[in-house]
Amino acid sequence: MLYFARWKIALIALVIALGAITTLPNFFSAKTLQSWPDILPTNKMVLGLDLQGGAYLLYEIDKQDYMQKRLKTLVGEIRTALREQPRIGYTGLGVQGEGAQVRIRDLTKLDEARERLDGLRNPLVNSLFGGQQVYEFALSVSDDGLARFTYTEEGLADRMQSIVEQSIEVIRRRVDELGTTEPNIQRQGSDRILVEAPGESDPQRLKDLIGQTAQLTFHMVDTTMTAQQALQDRPPVGTIILNSIDDPPIPYLLEENALLGGDDLVDAQVSFDQRTNEPVVNFRFNTAGARKFSVVTQQNVGKPFAIVLDEDVISAPVIREPITGGSGQISGNFTVEGANDLAVLLRAGALPAKLTVIEERSIGPGLGADSIEAGKLASLIAAAAVVIFMVLAYGRFGVIADIALAANIILIFGALTLLQATLTLPGIAGIVLTIGMAVDANVLIFERIREEARAGRSAISAIDAGYKRALGTIMDANITTLIAALILFQLGSGPVKGFAVTLAIGIFTTVFSAFTFSRLLVSLWVRTRRPSKLPI
Amino acid sequence: MALLRLVPDNTKLRFMWLRKFSFPLSILAAIASITLFFTVGLNYGIDFKGGTVIEIKTEGPADIASIRSELGNLNLGDVQVQQFGADDEVLIRIEEQSGGELAQQSVVANIKAAFEDQNVEFRRTEVVGPRVSGELARAGIMAVGAALLAILVYIWFRFEWQFAIGAILTTANDVLVTVGLFVILQLDFSLSSIAAVLTIIGYSLNDTVVVYDRIRENLRRYKKIPLTDLLDRSINETLSRTTLTSFTTLLALFALWAFGGEVIRSFTLAMIFGIVIGTYSSIFLAAPFLILFNLRGDGKTPGGEDAEEPDVDAEAAA
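First to last, the sequence lines map onto chains A and B. So in numbering that gives the first Met the number 0, spot 212 of the first sequence is number 211, and the numbers just go up one at a time. So in numbering that gives the first Met the number 0, spot 90 of the second sequence is number 89, and the numbers just go up one at a time.
If we strip away everything but chain A, and leave its shape as in the complex, we get (with noise of 0.2 Å):
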């Protein structure tokens, strides 16, 4: 056990090595680390959100949100269907539970009903199972000419993973232009988005920018009754009342068919408008919504229409002019922030459902820095205690052990650079707690040589016999706390995670620093020394 070929020795030392310059950049300030020379690593060690600052948000999409806004697309596009020459009569259609249904009249019809209405079960592009084609909707007509149409479980799931991603390609445009901090955006599960923005310790502003589903849409104003009437009687068949953003706000009776909606838009920025210096959003249309806006604007010069953000109702101008540049503005007594927000909103588009937050942690960066600070001395203090111990424990062997020790820290800091691993508060914990236990090995061969050495061994075979009697302890020991670490990362969501990527780490260093390393130390002090007692 004693014996070490040289190859081995310089693998050992190599490794060390390795570990000591990867923990390096640790120490030394960004701008140090430009000027280093290429072959030098430069990267340092991820700090959580709990260290550094920041805000952890999971969104989860409003599935039933969702469902209900396409069964209601689904239900106009079924009235188009049924509506087109010749015309099939229908009665009681509409968005029934999670369906959508149409009762078709004249029962001789159905088959050329059927027919067309098999047209809108939407084929998925991307699924096709087994050769077969997969719908998003199942429909079913009865003989009595009941026709009802219901996701198909495919189609939903496959609808949920467009939508995530189309989200989060949204969430990524909107956080981007905010510029401050490069957040992470990733898909958790099948429904779920999480957003970690390091540095940006009141998420609120954020959570604005991501909470709106910023559907822009287009409306005429209904003339034919006021709002306070259509409130007392009933809304004309076709219009919905919405209200504006104002405090208090004012009920607009609205044509429910938006003219144009915010696909339309290519470009919104904010500007000033020139006679009340207030903050406006100009935006332009694309060719084809440019187009239709001309032509909308044609026909109604005269008549008020609405701007539409979200269901509220931003602003109502009346249309003085045809507008055909294709290009427009939308004032609302807007704040600077709210104007540029809005702009920012529409420029990245419309979330194509409504998500809400399920989980948010945020750390303000006063904490951060002082948990480090904390996580700091408590790792100085803990090491001097147990370097102190294993001397007065044992003699020179604990200061074989402390060199092990202070080999192992090294290491675990390297892998953690080396790997990117995400350090934590819990994450140091785990450190102080590996610094702790990473003696074990040791104590456990120092013990075992201890043993031998009294049941009347000689120094060297003492020696020799500790560290082989104890391999297999050790490797019980850590294997053990090792399963424990890996079932901790598996159930782990950041915090916990580092923690148990620390105390794993710490682990595979343990071993080889208190077993291999510490074993090369006594080995060449044995060589060196030729020691006849055992001062341990």
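No lab work stands behind these hints: they were computed from the structure. Heads up, some of the hints might be wrong.
Keeping only pairs whose Cα atoms sit at most 27 Å apart, straight-line, the calculated DSSO-like set for lysine-lysine is [unchecked claim]:
hint, chain 1, residue 1, chain 2, residue 2
1, B, Lys223, B, Lys11
2, B, Lys48, A, Lys496
3, B, Lys48, A, Lys62
4, B, Lys222, A, Lys467
5, A, Lys291, A, Lys71
6, B, Lys19, B, Lys223
7, B, Lys111, B, Lys48
8, A, Lys467, A, Lys532
9, B, Lys111, A, Lys353
10, A, Lys71, A, Lys108
11, B, Lys48, B, Lys222
12, B, Lys223, A, Lys467
13, A, Lys496, A, Lys43
14, A, Lys496, A, Lys375
15, A, Lys291, A, Lys302
16, A, Lys353, B, Lys48
17, B, Lys11, A, Lys532
18, A, Lys7, A, Lys467
19, B, Lys11, A, Lys467
Just so you know, these numbers come straight off a predicted model, no measurement behind them.
Please arrange chain B on chain A, whose structure you already have, making use of the hints.
Okay, now just chain B, sitting in the frame of chain A:
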């Protein structure tokens, strides 16, 4: 030369005899913990119960009473306000609001508005909605269960089945008693508490495995020593290591507890307690448990008091 010994060489303490006291004591503690768990209950943190936690730093010492009354007016249900570390640091806990995920979000906005006129630093905000808290609770229970099972399998694989059962009983006792501590001190039981429990499981097993390793080795080496004496001998041989390692680990944990900051204090406290319990159980429970399971496979090492008398036939058979 070593200057310090926690345990003198060649101790011959009769741990197996001590099991007369340690078994009832541990069973009692376990029953007490279970009773406490079901009667008083854990003080679940927002990770498992949902709700909001806000940590603030006020300008100058915080006036807890006035913060409490101010927040009481917001109609947020159960609001707890407590000092957290330094006297200008305050932790506010608000119970989960009824009305789904969106209702939780308005809490933070309300509280920020309440402090708007004061110079308050918001150090930490955590909001966990009902859906996530339910999932985290399930994941936590799964994790502890899976860890116990995986380790059981590993020890079964490496040792005899008796060791695996003994290790699991020992560890289960540690977990129960630690949970009992959480109930008694009403420590915030959060995700990091699950991490603490899992670490305790790992540590306690680590200790137990070292003792079992020695027992296995001695079983092969000394075929004629009665089992009780052999177990006693094994525990005594590993006693120095068991205490030394626990001692260095505790040294490190105490440093963390004293200097590591308020955020992880209850996490460290649980861990310190767990290490003490883990050390106790690997000495006083783990090995004595083995006597209950007919370890030498000769059918003549019963679990009663008479096992302490050497049994000549049994040795011959072994």
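Hint-by-hint comparison with the structure:
Note on Lys223 (chain B) and Lys11 (chain B): the hinted pairing holds, with a Cα-Cα distance of about 18 Å set against a maximum of 27 Å. Proximity of Lys48 (chain B) to Lys496 (chain A) is assessed by CA-CA distance (about 20 Å); at most 27 Å being required, the pair is judged to hold. Note on Lys48 (chain B) and Lys62 (chain A): the hinted pairing holds, with a Cα-Cα distance of about 24 Å set against a maximum of 27 Å. Restraint check for Lys222 (chain B) and Lys467 (chain A): satisfied, since their Cα atoms lie roughly 23 Å apart, inside the 27 Å limit.
For the suggested pair Lys291 (chain A) and Lys71 (chain A), the alpha carbons sit about 23 Å apart, so the restraint of at most 27 Å is met. For the hint pairing Lys19 (chain B) with Lys223 (chain B), the CA-to-CA distance comes to about 24 Å; that is within 27 Å, so the pair holds. For a cut-off of 27 Å, the pair hint linking Lys111 (chain B) to Lys48 (chain B) stands: about 22 Å separates their Cα positions. For the hint pairing Lys467 (chain A) with Lys532 (chain A), the CA-to-CA distance comes to about 19 Å; that is within 27 Å, so the pair holds.
The straight-line distance between the Cα atoms of Lys111 (chain B) and Lys353 (chain A) is roughly 25 Å, inside the 27 Å bound, and the hint therefore holds. Between the alpha carbons of Lys71 (chain A) and Lys108 (chain A) the distance comes to roughly 24 Å, so the proposed pair stays at or under 27 Å and holds. At roughly 55 Å between alpha-carbon atoms, Lys48 (chain B) and Lys222 (chain B) are farther apart than 27 Å, so this suggested pair is violated. The suggested pairing of Lys223 (chain B) with Lys467 (chain A) holds, with an alpha-carbon distance near 25 Å, which does not exceed 27 Å.
Annotation: proposed proximity of Lys496 (chain A) to Lys43 (chain A) holds, straight-line Cα distance about 19 Å (limit 27 Å). Of the pairs offered as hints, the one joining Lys496 (chain A) and Lys375 (chain A) holds, with about 20 Å between alpha carbons and a cut-off of 27 Å not exceeded. With a C-alpha separation of about 16 Å, the suggested pair Lys291 (chain A) and Lys302 (chain A) falls inside the 27 Å cut-off, and the hint holds. A distance of roughly 25 Å separates the Cα atoms of Lys353 (chain A) and Lys48 (chain B); the hinted pair therefore holds under the 27 Å criterion.
A distance of roughly 26 Å separates the Cα atoms of Lys11 (chain B) and Lys532 (chain A); the hinted pair therefore holds under the 27 Å criterion. Pair hint Lys7 (chain A) plus Lys467 (chain A) holds up; C-alpha atoms about 18 Å apart against a cutoff of 27 Å. For the given pair, Lys11 (chain B) sits about 26 Å from Lys467 (chain A) by alpha-carbon distance, which is consistent with the 27 Å threshold.
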